[in-house]
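Peer 1: Here is what each chain is made of, one letter per residue.
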Amino acid sequence: MAALIEARGLTKHFTIGARQVVHAVDDVSLAIADREVVGLVGESGSGKSTFGRTLVGLYEKTAGEVLFGGERLPAKYATGDFRRMARQIQMIFQDPYSSLNPRMTVGEIIGEGLRIAGDDAARRREAVGDWLVRVGLERGHASRYPHEFSGGQRQRVGIARALIMQPKFVVCDEPISALDVSVQAQIVRLLGELKSSLGLTMLFIAHDLSMVRYVSDRMAVMYLGSLVEIGTADDVYFRPKHPYTEILVASNTLADPRTERSRKAVAIKGEIASPINVRAGCRFASRCPKVMDVCRSVTPELRPVVDNGTERRVACHLFPAAK
Amino acid sequence: MSAAEAPAISSPVLEVEDLHVEFDTYGGIVKAVRGASFSVAKGKTLAIVGESGCGKSVSVQSIMGLIPTPPGRITRGTALLDGVDILRRKIIDGRDVRGSRIGMIFQDPMSSLNPTMRVGDQIAETLVVHRGHSPSQAAARAVELLVQVNIPEAERRARQYPFSFSGGMLQRAMIAMAIACEPEILIADEPTTALDVTIQAQILDLLKELQKKQGMAIVLITHDLGVVARMADEVAVMYAGEIVEHGTADDVFYSAAHPYTIGLRSAMPSRDTSRAGLQPIEGAPPDLFAPPKGCAYFARCPHAMLLCENQHPPAFGVSPGHSARCWLHHAEAPPRAPLQRGGKQWRR
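Protein sequence lines, in the order shown, are assigned to chains A and B.
Per the numbering used here, the very first residue in the first sequence carries number 1; after that it's consecutive.
Per the numbering used here, the very first residue in the second sequence carries number 324; after that it's consecutive.
Simulated from the structure, these hints should not be mistaken for lab results.
One thing to keep in mind: the hints can contain errors.
Claimed, not checked - Keeping only pairs whose Cα atoms sit at most 20 Å apart, straight-line, the calculated DMTMM-like set for lysine to aspartate or glutamate is:
no., chain 1, residue 1, chain 2, residue 2
1, A, K264, B, D556
2, B, K535, A, E260
3, A, K269, B, D528
4, A, K264, B, D573
5, A, K264, B, E632
6, A, K264, A, E246
7, A, K269, B, E532
8, B, K531, A, E260
9, A, K269, B, E476
10, B, K531, A, D256
11, A, K264, B, D528
12, B, K413, B, E505
13, B, K616, B, E632
When you get a sec, could you build the whole thing from the sequences and use the hints?
Peer 2: Quick look at the structure:
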């Protein structure tokens, strides 16, 4: 399958003073096929949002490259690049409260992309109205301001804002984390319908494993800036291989008291380490229950492992590379 | 719900009856809690579960006297701690019950601790105020408490300020503070919502361990059904200021009786491989400026009947210790299809 978008060795470092470097994303390679949904999970500070933002050009790349439909995207976007790529790549943000300009009407917010692209006012009004209806709001809502809407409705506005440009690829950065359970399902269903009707390709970033498994074809797990495991969503969720994924899955509470009662205390020791000036070796070594000597000195590479024929890659010394 | 319907496991340490809380706002009076009753027994965990704005936090805040008055006020109800109504009286035997007999931890540990005070001193303060410890005694005890909540290098950490702690560590410090006086009841208001899943698992395990050791009753406020399943003995489901379903965890999870509870379950992805579709609850909770005359869930309920719009449903007993505020459980309710989950697939 040809990849629609591919990150090769994508790296994003932030310099925070004299010789202090935050390794937010380190050498991440990920190819997403046309119409595929890849879920990206990890704890806060794992670099999953930074990866998404670097992928779409919101951050300048420190190293590595992003290919979109075979074309190499610039390391640092100029204004013209954003204008050009807005028709291809869009992003839906986590916080529907702070990601909408409170001084613009919802119609202006949704229509802004088209305005910059040069569409005239009548066409814009028509398109904005259509999209409001499409995301489950009303045409009349265009003249209202974001504060007049609930969180779920604002997220619908954020979705309309992104998809009105008819992009091929959308990064959804924790699109449901700020919402109530019943509203989460509404938004997930809306995204699913729009995905099918528009043929979207998605990177779905979230920390809710059950939801990610539900929406994704493949699931990728990040820890301290590196990908540690990637495979089909069900494989990673039900048969995790990397010790970190195992713990992440085991920490995920389920709405099932019988399962929860029979569960032993699984809590992992310690907390995510600092991504500042990381050293060689596996980044999970300090917390890993299965740590070996080699883990502290040699950085494991993400490589294919034997797994009943399905594609799975794991960055862990425990697993021998597949032939 | 009457006390007789509450599961009789052992006698409750805290019994809340018919709690009503209102707030004056520019838009009018918000009836945030409308007749909530619940109780919790020694060594047990009651989870109050519901979505934003359902009144779950306001309920426990009013018990702790944390509702700013005005604009808020408790208009009716009692909260009995050993027979004394603590809604009206916070000082028993010359001691404030809050912090000594009832401890509380909050959702956002970052903003709940004093940023200008060392963590150890904040914990010690509780002991000086409630237990009359000397400052040095209290400081030593604070370090012991930090050890008890598994904070490494407790002595050094006690001298640090909150900004040097991570979110998970701060929540541990908050727990240390809340249990300092060995309270009979610990109220945990969304204790893990701001934390990552791995840290959440640590905190939940810690709460369980402390409960076992000290025999505390825990009132856990959360919106996360996974956390409920992990922690709760009993569950109260809240919607629009009312408790709509109440029972043991097994009752509420495996024989849910209120359509809202069933709706919540179907709105979450389950573990089964078949990927049964998510079924969102359409619409939004009612406006609490003017709560509906009948059932609060009427407008969103797939099983709504004519009666539901105008007649407020009482809590019907479904089985011993399990009740639901739903007309479907009236003895003369019409036969109906079983309450089930179902829905559309994400795709395909």
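Peer 1: So which hints don't hold here, by number, going up?
Peer 2: Number 5 - this is the single hint that the structure violates.
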